[in-house]
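S.K.: Start from the sequences, fold in the hints, and give me the full structure.
Residue numbers (my numbering), protein chains in the order written: chain A, 1 to 244; chain B, 245 to 488; chain C, 489 to 566; chain D, 567 to 644.
Bear in mind the hints are in silico, worked out from the structure with no lab data behind them. Keep in mind that this is a model prediction, so the values were computed, not measured. A couple of the hints might just be wrong.
To be verified - Pairs of lysine-lysine residues, derived as DSS-like cross-links and limited to a Cα-Cα distance of at most 27 Å, are as follows:
{"#": "1", "chain 1": "A", "residue 1": "Lys69", "chain 2": "B", "residue 2": "Lys322"}
{"#": "2", "chain 1": "C", "residue 1": "Lys491", "chain 2": "C", "residue 2": "Lys531"}
{"#": "3", "chain 1": "B", "residue 1": "Lys322", "chain 2": "A", "residue 2": "Lys78"}
{"#": "4", "chain 1": "A", "residue 1": "Lys78", "chain 2": "B", "residue 2": "Lys313"}
What the hints assert, rightly or not - Residues of chain A clear of chain B, computed beta-carbon distances all greater than 10 Å:
{"#": "5", "residue": "Arg8"}
{"#": "6", "residue": "Thr42"}
{"#": "7", "residue": "Met129"}
By construction, the Cβ of each residue, glycine as well, lies at the ideal position given by its N, Cα and C atoms.
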Amino acid sequence: MQLTGFGREKQEALSQARVLVVGAGGLSMPVLQYLTAMGVGTLGIIENDRVALSNLHRQVLYETRDAGKPKLYAAIAKLSAQNPDVELVPHAAFLRVENALEIIGSYDLVIDGCDNIGTRYLVNDACVMLGKPFIYGAVFQYEGQLSVCNFRGSATYRCLFPQVPGNAAVPGCNETGVLGILPGIIGSYQAAEALKVICGIGSPLANQLLCIDMLTGGQLQIRCRPDPANLQIRELAASYWQYF
Amino acid sequence: MQLTGFGREKQEALSQARVLVVGAGGLSMPVLQYLTAMGVGTLGIIENDRVALSNLHRQVLYETRDAGKPKLYAAIAKLSAQNPDVELVPHAAFLRVENALEIIGSYDLVIDGCDNIGTRYLVNDACVMLGKPFIYGAVFQYEGQLSVCNFRGSATYRCLFPQVPGNAAVPGCNETGVLGILPGIIGSYQAAEALKVICGIGSPLANQLLCIDMLTGGQLQIRCRPDPANLQIRELAASYWQYF
Amino acid sequence: MTKLLVFGAASEVMGARNISLPPEIDSVKKLRVFLQQHYPGLKRLNSLMVAVNREYAEDACPISGSDEVALIPPVSGG
Amino acid sequence: MTKLLVFGAASEVMGARNISLPPEIDSVKKLRVFLQQHYPGLKRLNSLMVAVNREYAEDACPISGSDEVALIPPVSGG
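M.R.: In structure tokens, the structure reads:
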């Protein structure tokens, strides 16, 4: 198989890349499956939750019999069977102020597949401090958002949303529901953006917020600019969970 | 979990639906995984190929140890573990003039996940004759196309591409290659369109051709019209494979 | 009439995904005041961003009849 | 200058995904003649469809400088 514009050099870049996926929920399913299938070098996963039956409509890596098991190990069992050549690194924890810099520090790229606003700001701040790009994705009801943040000086999550919202402003999937396929679409786009950043192909969605509306099939690609102040983060906040 | 606009009635429609997926390759992976996860009633799969190692970079349902096995049964084993409540119907065949009308006749909706132009016209003609809507999706290198065809009189595949192309005009994935994630994105959109048609939510992409470019993240939504002559198909062609 | 596209939780609060703005709304600042007056429920969405013609826009940015304006809240589901 | 977006196998043949059309190309018919002359490799792509401003267009459809024209071949990979 030969694909124009994706020769040995690009495949080599992919097989050398070290990628961390934050969370192993709905957004992360296609990210994990496709990065594994395509042969990323090292794939770290940080997750400390257990599989619930109510997750299964959107978290397609898990089976009915996985209910109650740690997501992390259920995911890794499937991914290692899918492609034993990928080095899978389990981090049995939630991302916190205490562990974020150490864990993220050993990766080249972070994919934000989390499900709460506190972790999104924490991922942002740690990645900015460490100079790592990250792929933001999130869903609400029938809509999704996507952006490539902190990539060669591009806009960060704090540039997209400078004002930290209150809890009531950003309900998660477990509160308001989401069609199972929506995180599948957004997560697939996140995997594609990761590939573009890792291999240097196409134009990653940096300095852009992509808003996708599943009900109409339409999308809006919105240009944004980095705010230099947001690139100067020197330390993490004491906590990111006052919003909950 | 409650999702605005997706109450008991919509879930019931989904659990009653009979959907046929043509092919169990790259496009079909997210279609199969997400329709199974969300709880479609009956999911038929028609496929007669075996898993090849060179498929694994885009066909994420299969594992390394599945190489050489029939795709149909490898897929069904995984899907039934994922959600035992879905009725999975294996059709161990390729779609052909001889079997298309009988097989498609017992489903409400067809999802075209095939990988060759002959089958695409066959799916179209059989669905038009039987009055079934189908979800068209296809990929080439870094691009994908998507449309909801023959839905309440909407444009068919022959309205989108009236002139049957020669073989050289439409290389498949095995000839020119495709990034594994691209059929993942297009197949996820196909699953979303299937859900919209089945449950009557949002506006399905009928009378529209959606062209998605992975390299830029952009898309073009092109309006098209049904040609009444294309809705009058009375019999299948003698063969659809003269192009190969 | 200026077209306003409403995303995410904001469309739930406003009960619409598309509204037409009255012609006196000629800047992002005036749009924000208008929204506060007519949709008090938006108050809890303190982080709403505004885009004009597919570009993030500050309060001072003018809005005219042919512009496409979008209201974008943060979203956190995964 | 009219902008031509080129999709799929057609962009491989033409070696570009974006080209600017000379101003004398003022209809879809003339566009097809122009492509045949300048890109003979497109001949094997006998099923190319043309869209003008995001709408399928017949040969008689006029093209002007501000239009966005797209060239769409069928695609069959899966």
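S.K.: Please list, smallest to largest, the hint numbers that this structure does not respect.
M.R.: none
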